[in-house]
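The primary structure of each chain is shown beneath.
Protein chains: 2
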Amino acid sequence: MKTIKGSVTAPKGFMASGVNCGIKKRKLDLALILSGVPAHAAGVCTKNTVKAAPVLLTGNNLKDGWAQAIIANSGNANCLNGRDGMKWAKDTAKAVSSGTGIAIDDVLVASTGIIGKPLPVERITSAVPSLVKGLGKKGELNAAKAIMTTDLYDKRIAVAVNIGGKTVKIGGIAKGSGMICPNMATMLCFITTDADIEQGALKASLKDAVEDSFNMVTVDGDMSTNDTVLVLANGLAKNRRIKYGSGHYEVFYGALSHVMACLAKEVARDGEGATKFVEINVSGLKSRQDARKMAMEIANSSLVKTAIAGEDPNIGRIASSAGASGVKFDESKMEISLNGIKIVSCGKARFGLRPEAKKSMKGRDIKIKVDLKSGKGSATAWTCDLTEGYIRINARYN
Amino acid sequence: MKTIKGSVTAPKGFMASGVNCGIKKRKLDLALILSGVPAHAAGVCTKNTVKAAPVLLTGNNLKDGWAQAIIANSGNANCLNGRDGMKWAKDTAKAVSSGTGIAIDDVLVASTGIIGKPLPVERITSAVPSLVKGLGKKGELNAAKAIMTTDLYDKRIAVAVNIGGKTVKIGGIAKGSGMICPNMATMLCFITTDADIEQGALKASLKDAVEDSFNMVTVDGDMSTNDTVLVLANGLAKNRRIKYGSGHYEVFYGALSHVMACLAKEVARDGEGATKFVEINVSGLKSRQDARKMAMEIANSSLVKTAIAGEDPNIGRIASSAGASGVKFDESKMEISLNGIKIVSCGKARFGLRPEAKKSMKGRDIKIKVDLKSGKGSATAWTCDLTEGYIRINARYN
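Just so you know, the sequences run in chain order A and B.
In terms of the working numbering, the first sequence opens at residue 1 and continues consecutively.
In terms of the working numbering, the second sequence opens at residue 1 and continues consecutively.
Hint data in this document are derived by calculation from the structure and do not stem from the laboratory.
A portion of the hints provided could be inaccurate.
It does not matter which identical chain is meant; a pair holds if it fits inside one copy or across any two.
Dumping the calculated PhoX-like pairs for lysine-lysine here, alpha-carbon to alpha-carbon at most 25 angstroms [to be verified]:
(1) K133 <-> K333
(2) K376 <-> K358
(3) K12 <-> K342
(4) K27 <-> K145
(5) K293 <-> K47
(6) K90 <-> K293
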């Protein structure tokens with residue numbers, strides 16, 4: 001596997017574009033990704049009981065396993081808009097269908113932004129012709145920018161792998177950066193690939209890759225109403241069709257999960273107000289499930305995150321949130337390392353190592369390792385620190 | 001029931017005192033509460049897997065249902081100190097026993113403060129004589145101050161009720177103010193009463209009252225290693241002994257739960273960095289359990305709490321966190337009121353009411369009501385807003 005230039009238009013047959021349609025004043029706010037031919041499609045969406053209209057529409061349009069276009073707007077979530085919301089989402093899909101000739105139920109729709117504000121759908125539908133006109137290989141950067149909300153930078157990646165002698169490419173774009181939590185948060189991620197893969201295998205690979213990428217990222221513990229991860233696979237790489245569980249599937253899955261983990265980490269790194277990127281690895285528990293739970297509990301702790309912002313090696317907060325996770329363990333076996341410095345050993349704080357540990361926290365990247373020495377279950381979560389910047393963005397925005 | 005002056009020394013036979021023993025530089029940091037006669041005792045402690053040594057010791061000393069003194073220090077949690085921690089907690093109890101003649105296993109010990117720092121126990125044991133000397137009815141204020149950490153003010157209350165012609169008094173002190181979350185957080189609460197009550201009834205009443213008071217308070221979603229709620233009932237009111245489930249029990253329980261709810265609300269009001277006090281009432285769900293879960297999810301949402309700090313009627317964040325709670329409901333029935341203004345009706349945002357709702361948020365007290373119109377389950381949670389002040393306190397303290 002090698003990293004290549006670009007993102008969603010790196011795989012054969014994909015084009016993209018991004019424009020300003022007027023939901024936001026000046027910034028790009030409408031993105032389109034399109035495959036020249038119908039593609040196998042799969043998606044994972046928020047587990048929030050309150051789902052935005054586009055999430056429901058996209059769920060429906062994915063049922064047959066095929067899609068050809070993704071349209072996404074930022075600046076308005078089209079959520080809590082009652083029946084109007086669904087009409088507006090459908091109008092959006094219809095405009096893309098009219099402008100491109102793609103069947104209406106092969107258009108997937110996503111939105112992100114303010115909840116509970118009427119969507120000015122006519123701005124979207126009026127902009128679709130110029131959006132379609134702008135489609136091209138180079139449009140991926142504008143598409144990545146158009147889905148941003150409070151993100152400071154666009155998140156893009158593409159890789160190439162060899163599958164049975166053919167080069168298969170996978171590209172992706174994503175946006176964060178608040179309301180980021182397990183089960184995917186205000187997070188949009190669109191993946192394209194020219195792989196020829198069975199629809200069931202595509203669906204399974206996406207679901208598994210989400211578990212270890214976007215579902216292990218948290219910025220603020222808030223799960224959104226609009227989270228959507230979509231993948232389109234158009235088969236133009238002409239590889240032998242990938243079957244679930246085969247050797248080729250493993251290669252494809254490895255590349256897909258790499259792409260998604262990279263994008264997920266970027267979401268944490270660019271969390272609202274973040275000054276530090278934090279990786280939390282938990283090991284030595286009975287199950288992977290337990291390790292995931294504990295890693296996410298630590299990642300979601302406001303006290304751990306503020307301590308990191310203050311460059312304080314506050315192991316008490318790490319140990320306390322590990323214990324608050326509900327996972328049972330033997331405290332006397334607990335080992336905690338901070339940037340490689342073992343500050344808790346056999347459940348006892350090594351207070352003398354504080355100065356050294358504090359010094360290690362000057363950098364931007366912080367690594368926390370918690371080992372309970374009681375099994376093979378392990379997991380890794382990613383988050384950022386919690387700063388005054390987060391509060392300013394979320395309290396003083398209006 | 002009427003509110004009376006004072007706190008833990010209001011009931012007959014109780015004395016208290018507070019001193020500085022040198023864990024903190026100048027502030028009071030050591031408190032003692034004592035009953036002149038042995039008392040029925042009960043306690044509820046943190047559910048954190050990592051428990052501080054004094055929590056474990058107090059759990060042991062409560063097993064026989066009797067106690068006579070509570071000693072508590074602030075500034076050091078005596079947690080993550082391995083076997084030394086338990087020795088230090090026992091040394092503390094022993095010093096009180098030596099100084100007062102109370103049996104060592106009738107001394108309950110509590111600590112709050114920094115985790116993972118050796119406890120300078122000799123400072124505590126050296127201070128016990130002056131602590132004992134200072135015991136008196138007036139010592140309750142110093143005791144309340146001595147358990148404070150980042151609390152801005154002491155939290156005290158006392159009430160009197162008539163039980164079968166006798167006046168029964170209940171008094172309490174508590175401290176917050178970070179690491180406050182369901183299952184009690186870095187929260188200490190000590191209750192005294194002169195009621196004559198069966199030990200089993202006392203235990204049951206404390207457990208139930210915690211559920212609707214301290215377990216419904218959150219500041220930052222972090223559960224601590226040291227949370228402890230203790231009650232001593234010395235029987236000196238000479239009422240007919242209160243039996244579980246009797247009419248007198250209901251009167252006693254009403255007064256106890258009032259005392260604890262008042263203290264719990266003060267903990268939220270004085271949350272770290274708080275500028276607003278927030279009450280969240282959820283109703284119309286199938287069970288009380290579901291309502292509690294949803295109320296606490298909303299109360300723990302960083303996005304809801306920052307919106308309140310910014311006086312923004314951001315119903316999207318309220319609806320989204322309601323949906324993120326895992327409780328299933330029919331979105332089209334959802335009704336949300338903010339300070340009495342119905343901003344979501346039949347699941348649809350009433351965007352035009354924003355200016356009015358925004359205006360209502362100028363005050364210090366914020367009321368959120370979420371009604372799902374699908375059952376009789378309801379619950380109330382309390383929290384505060386999330387401000388730059390919280391970050392400063394928790395990131396820039398060292």
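Comparing the hints with the structure gives:
{"no.": "1", "hint": "K133 <-> K333", "verdict": "neither (62 angstroms within a copy, 42 angstroms between copies)"}
{"no.": "2", "hint": "K376 <-> K358", "verdict": "neither (30 angstroms within a copy, 52 angstroms between copies)"}
{"no.": "3", "hint": "K12 <-> K342", "verdict": "neither (48 angstroms within a copy, 51 angstroms between copies)"}
{"no.": "4", "hint": "K27 <-> K145", "verdict": "within (8 angstroms within a copy, 53 angstroms between copies)"}
{"no.": "5", "hint": "K293 <-> K47", "verdict": "both (17 angstroms within a copy, 16 angstroms between copies)"}
{"no.": "6", "hint": "K90 <-> K293", "verdict": "neither (38 angstroms within a copy, 34 angstroms between copies)"}
Of the numbered hints listed earlier, those contradicted by the structure are 1, 2, 3 and 6.
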